[in-house]
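> One-letter residues, chain by chain:
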Amino acid sequence: MEMMRKERIDRGVRVRTAGLYAISSWREMLYLMGPPLFLIIGMIVLPVILELAPYWKRVVNIVCVYTLLALAFDFLANFVGLVCLGGAFFVGIGGYLSAIFNVYLHFPVYLSIPLATIGGAVISTLLLMPALPLRGVYFAIVTLMYPLLATRVIEALNIFGGTNGIIGLDSLPNVYVEHYLIIIATLIFLYGLRRFVNQDMGLVIRGVKDNDQAVRASGISVTRMKAFAVFVASFMGCFAGAYISHMYSWAGNSLFALDFSIIPIASVVIGGGGTLLGAVVGSFILVPVSELLRNFGTFRIVIYCVILTGFIVFKSEGIMVYVMRKYHQFERWVKV
Amino acid sequence: MNDEIILSVQGISKTFGGLKALVDVGFDIKRGEVYGIIGPNGSGKTTLINCITGFIKPGAGRVSFKGRNITGWAPHKIAHIGISRTFQIMRPYYSLPAYKNLIIPLWSPRAKTVGGWRGGGKHGDRDTVAIDILEEIGFERDSRVPYKIASTLPTGYQKRLELARCIAMRPEIIFCDEVFSGLSMSEIAGMLPLIEKMKEEGITLIMVEHRLRELFRVADRVMALNFGEKIAEGESGVVIENKKVKEAYLGKEGV
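Same order as they appear, the protein sequences are chains A and B. Heads up: take any position in the first sequence, counting from 1, add 487, and you land on the numbering used here. Heads up: take any position in the second sequence, counting from 1, add 59, and you land on the numbering used here.
To be clear, the hints were calculated from the coordinates, so they are not data collected in a lab. Among the hints, a few may not be true.
Pulled from the structure, derived: some chain A residues nowhere near chain B, Cβ distances all over 10 Å [stated by the list, open to error]: (1) E515; (2) I628; (3) V664; (4) Y667; (5) I675; (6) M688; (7) A704; (8) I707.
If you only want the chain B side, here are some residues facing chain A, beta carbon under 8 Å, derived [as the list claims (entries may be wrong)]: (9) R150; (10) P156; (11) I162; (12) K305; (13) Y308.
Here are the simulated lysine to aspartate or glutamate pairs, DMTMM-like style, with alpha carbons at most 20 Å apart [said to hold, decoys possible]: (14) B:K171 x A:E489; (15) B:K89 x B:E292; (16) B:K171 x A:E494; (17) B:K311 x B:E288; (18) B:K207 x A:E494; (19) A:K802 x A:E818; (20) B:K258 x B:D279; (21) B:K207 x A:D497; (22) B:K89 x B:E195; (23) B:K256 x B:E292; (24) B:K258 x B:E231; (25) B:K79 x B:D62; (26) B:K116 x A:D697; (27) B:K302 x B:E288; (28) A:K696 x A:E804; (29) B:K89 x B:E259; (30) B:K305 x B:E294; (31) B:K207 x A:E804; (32) B:K136 x A:D699; (33) B:K311 x B:D186; (34) B:K258 x B:D83.
Given the structure is predicted, the values throughout are model-derived calculations rather than measurements. Glycine residues also receive a C-beta, built at the ideal position from the N, C-alpha and C atoms.
So here's chain A without its partners, still in its complex pose (with noise of 0.2 Å):
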């Protein structure tokens, strides 16, 4: 009997723009620059097309939020090895920071939430160093608690509005400006991630995931590495629950929920890990599901946990990863 393999090889086009060199053709620059392109300007438009269902034009928000976050997830768990399982602590110290900036030290909103992402950032860089220098669950524990504390501890001291939260935050100048900072941020942090990871610097940060004892050996401290990845990270988290806080006017317990650790979690998954992209496309499948799922309440669980089933079951190295490589290769059938 014959055997036969499947073989998959890059296409032309791909080879012909690996390079500096080589772009001479509409086709390619269109290859090269399409998809891209296509995002950028879909993101930009999308406010303006759902102007026609305005109800959804708030969950484009809702949806970047989630995207920051699972960029954050995508960064921390496939290029430093760190598995984050505290979005819901970034947003909270964000949420609140800015709500303290805003309501307790009257900053304007330009102020609140610049000021807020970088505190927030530094405040949870410091808290979670202890887990750093270790190898093991121990990063993702310690993440999975600190909202938990949180919450206890605003509750115990009744401190920020205890329950209730902080009320009044000053919301942004006008829906536009609420629109478009959070999409123009999100395709920042998204290319500029993409880039990061394959310069210098990030190449050191993934060589820290693949073999972190040559990282030392190279005399480079793995720590102040993973330092300054977790940074990164939570500077996007807090960034996201500044912006949130200042949405919805209000800093509450529900910032600290776990929904923030686990539908980005559940979005890398969906959307294939180690692309980056892939944090955006699972974040647009997986919020606006949520969404409308909203009448059937805790019911969503359940149609959650079947889709992410699902995709671990049939496909489960995620849509970008799939994606990309029928873009960039084809597959044949060969003998053996």
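With chain A's structure known, arrange chain B on it following the hints.
Okay, now just chain B, sitting in the frame of chain A:
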């Protein structure tokens, strides 16, 4: 070779639970020397390297590099002052192409300060430097080998990549943990000139090795370990004739 003592190790001991991995091991190494460490499996060779390079904290003893006490320093600090090492179990940065593996040591603070002529520089420069180092160590520049993903390289190239990672640091001492093991005779024959070349460049080499024949061709002095204790030290011909060394390798009956 001159008589300056570059690395001095005194009374290193280490126990893992009840197991005495190293007992009062000490030796001095001169600048520019090739020093071999031999011993049967489990005799504590790799543990000794780990203790000196900071990957394990020694239970007792003192390591000094150029007269400076470096006992118990963090591994990256020891690497930073010029003591580099390979790993017995090769683990390149799997997902990166071979030449990108060298970006990591070239990015390190040491390469920036000491390198001068090769390290540092803006993004892009490091790629060129990395390819130069790989060519020096036997990757054919014009072939596709330097651009292959590290995990797909043959063992011989992975071993060379380990050495290249050390050389990129511009170290003063390199600890080679069994760089010959798992290689074919012809691959070893290809590695020996590299060792000679590093020696000529004035790098001090400390080689832990099972392949005695090849080691004795390059080593100036050899130390033998057995059950964590130093049983012999001296020129290779003398050590191999030592009764204790023969016993350790062949058993009492064999002598």
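> All hints, please: hold or fail.
We went through each hint and held it up to the structure:
no. : hint            : result
1   : E515            : 21 Å, holds
2   : I628            : 24 Å, holds
3   : V664            : 35 Å, holds
4   : Y667            : 31 Å, holds
5   : I675            : 20 Å, holds
6   : M688            : 7 Å, violated
7   : A704            : 5 Å, violated
8   : I707            : 5 Å, violated
9   : R150            : 4 Å, holds
10  : P156            : 10 Å, violated
11  : I162            : 5 Å, holds
12  : K305            : 34 Å, violated
13  : Y308            : 30 Å, violated
14  : B:K171 x A:E489 : 57 Å, violated
15  : B:K89 x B:E292  : 14 Å, holds
16  : B:K171 x A:E494 : 44 Å, violated
17  : B:K311 x B:E288 : 17 Å, holds
18  : B:K207 x A:E494 : 19 Å, holds
19  : A:K802 x A:E818 : 17 Å, holds
20  : B:K258 x B:D279 : 11 Å, holds
21  : B:K207 x A:D497 : 15 Å, holds
22  : B:K89 x B:E195  : 26 Å, violated
23  : B:K256 x B:E292 : 25 Å, violated
24  : B:K258 x B:E231 : 11 Å, holds
25  : B:K79 x B:D62   : 33 Å, violated
26  : B:K116 x A:D697 : 24 Å, violated
27  : B:K302 x B:E288 : 15 Å, holds
28  : A:K696 x A:E804 : 19 Å, holds
29  : B:K89 x B:E259  : 14 Å, holds
30  : B:K305 x B:E294 : 15 Å, holds
31  : B:K207 x A:E804 : 23 Å, violated
32  : B:K136 x A:D699 : 15 Å, holds
33  : B:K311 x B:D186 : 54 Å, violated
34  : B:K258 x B:D83  : 29 Å, violated
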